[in-house]
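Between the sequences and the hints, there should be enough to build the whole structure, so can you do that?
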Amino acid sequence: MNTLLILIPIALMLGCGWLIAFLWSLKSKQYEDLDGAAWRILDDDDDKPAGR
Amino acid sequence: MYCCPLPDAEASARTPWLKGDEAAPWVTDAGPGLKQIEFIVPQANCAACISSIEGRLGRIAGVTKARVNLTARRVAVVWREGSQEPQAFLDCLASLGYAARPFDPRETGFSHDDAEGRRLLRALAVAGFAAANVMLFSVSIWSGTDPQTRDLFHWISALIALPAVVYAGGPFFTSAANALRHGRVNMDVPISLGVILASAMSLFETMHGREHAFFDAAVTLLFFLLIGRYLDHMMRARARSAVSQLMTLMASGATIVEPDGSRRFVANRGLEPGMLMAVAAGDRFAADGCIETGSSDVDRSIVTGESAPEPVNRGDEVQAGTLNLTGPLLVRITKAGGDTFLSELIRLMAAAEQGQSHYVRLADRLARYYSPVVHILAALTLIGWLALGHGWHDALMAAIAVLIITCPCALGLAIPAVQVVASGALFRRGVLLKNGAALEKIAEIDTVVFDKTGTLTLGSPVMVGPPAVSSDNLALAAGLARESRHPLSRALVAAAAERGIAPSVPVSVTEHPGFGLAATWRGQRVRLGSRAWCGVAEPADDRGLLEIVLRIGDGTPVVFTFEDSMRPAARPTIASLRRQGLAVEVLSGDRAAAVGRAASELGIATVYSRMSPQAKLAHVEELAAAGKRALVVGDGVNDAPALAAGFVSMAPATASDVGRTAADVVFMGQSLAPVSWLRSVGVAAQAIARQNILLALGYNLLAVPIAMLGLVTPLIAALAMSSSSIIVVANALRLGWRMNAMPDADGKADHRETAAGAAGAVQRAA
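Heads up: the sequence lines are chains A and B, in that order.
So our numbering is basically just the index in the first sequence, starting at one, shifted up by 17.
Just so we're aligned: 443 in our numbering is position 463 of the second sequence, and the numbers increase by one with no gaps anywhere.
Derived from the structure by calculation, the hints contain no laboratory data.
Virtual Cβ for every residue (Gly too), placed ideally from N, Cα, C.
A few of these clues could be false.
Only part of the chain A face toward chain B is listed, based on derived beta-carbon distances under 10 Å [as the list claims (entries may be wrong)]:
#1 I23
#2 Y48
#3 R57
Here it is, written out as structure tokens:
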């Protein structure tokens, strides 16, 4: 029972972290160009994310 | 993979003129002092494309950002206001070898600001989060726990699930409430009822420390339903209208010549029949009328669909919205205001767009029957259990289980999943599907109606005769033709260049609007233009070819003939459509001889020529009234009402803005092959969509009796729901594999490789 009291909050916090990260990535338009992202990784030049 | 096109001189010749007011419709604000424009660049498809486009555009003075979106094949450019004209970006792209055109969000129906889509996606994320976490606790409970831990886990599940249901269920609740307020029942009513009752009952059970809580079912349901809803949202047709684009063809007014010779500008609504208007070269006619003085060439493409200007003289009729190209004219107005050709076209367009909304999609047809059945089943379960002498609690549990089990997760995914897979695969082959319903409709067509110029043909004439021409004559003709922007003149210059003949240089070339060109060469007067201009008799038989005549002094005339070449793969495409049992027709605004020639070359028997836009629309409506389902393929402004009225419609990417907006499907590239394989894809997609519906309904047929008997535990509900949704999605993915295996009609391995790209690959490999 004691382990649960630690593990459950940890699990929930990890889940929340994932949710916040997803909502942030959605808001910063990271899903606008999935094909492009796959190619950009091959580009040696300095490349900045699309952002706003 | 080498795919970037080589610098291409032709690309720059094809790009439209984009400066000042002409560019305004495409330019948007991007912050203080910044402007943004987007271009469609169909050839962009690799890392090298990204870096070369972004690198070059980024170096133009004043540009603050250039970003390629490879998924959408678009480039967004942000620049400081006033520092550049958008034409500079087009020229830059052309010099890199990319044919580009400005992107108008209205045209595809996808808006930049898709608030509803983002709301759905956020709800989906919250539902996914809640489903995953609640499921963790549920799995623990199902594995066996002591009652104390179970109650604790139920409470934690409630803590996560209840807020998630309130937030993620919002789209369903509002839609259900709307439907009920209007006295209707839609699919969202049983969904909302199921989710709310399941949550409420689970809370009640938790408070009383009982064994079964359905929190995981409630949020997992929402998760799957939201996936289906989001995919469906992406495939839905947005409100789009070509009417506003037609309006831009309307002149704001005309210069009126008073009987006393004075001139004044009169706005459109002040124009009346009988007035005399002066129309300069380069202006659009503000009203219909009859030419009193002057001669010119008129671009009547919005009437006939022909790109070649028509010569006009005294006594000829002109229509509002057509463009006066070469000479000033005085025109006596015959129709003005709401009676003009253009006003009528706009009215027809609006009416045709109105009529489009009658098609009920397969998913919506199903929903009509589904929700009443679900309600009746749940009610029957409740009544049955009560009648058999069980208590309210058990009866309600069973009824709620029926609502949970019948929740149309798999059904909601069945069709959108297929359409998303199909449209993705089509897009990679250069076909842009503007709404999912078009895919459904294309499987049901029985007639295909083609426009000729620009649709069956490429819309640009190529020299085909005379069979033998002396290089001196061709050089001289090209020398004269260089001075004119008439499409036939340009084709003549291109033909000379192709044969490696340098144009000779005649002196004092003058263009006589509506007739042709004249010049002096080696002391002799030479003429290039129509038969009448060169004093040559008309031939006895019109073979439907376009002609230019060259005559040196009074010598023997040389008649150059031109033909609009067929799109690549036009013949096999028509043949394949006929093999599929479809009736094929040609509706053209061109002369009978020219249309007949093209049709017989392609083996099409049903031909209508000299069709006005009204006649085209009337013909398409007649077909519909006779119970036919016609695919209309066209490109011009004159085809737009017919495109809007067609059961489903298609336009090439080279079509007019109005044509592209009016069509359901736009295809890139020169080949006509997409018309026949879009049909094959539509048929395959429809077959898989039907299988999916059967799978989804079959699952219900199995699960509902179990639920009615009260045997459904949270574990069974979770297994049944997830497995049916996954099976349906997996089945939809099959379509993608089938499409990849489908041979391309023109035998090319990869449609993304344009002709220029392929040429580049060959050169670089060598």
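Which constraints among the numbered hints does this structure fail? Numbers only, ascending. Per hint list: single violation, 1.
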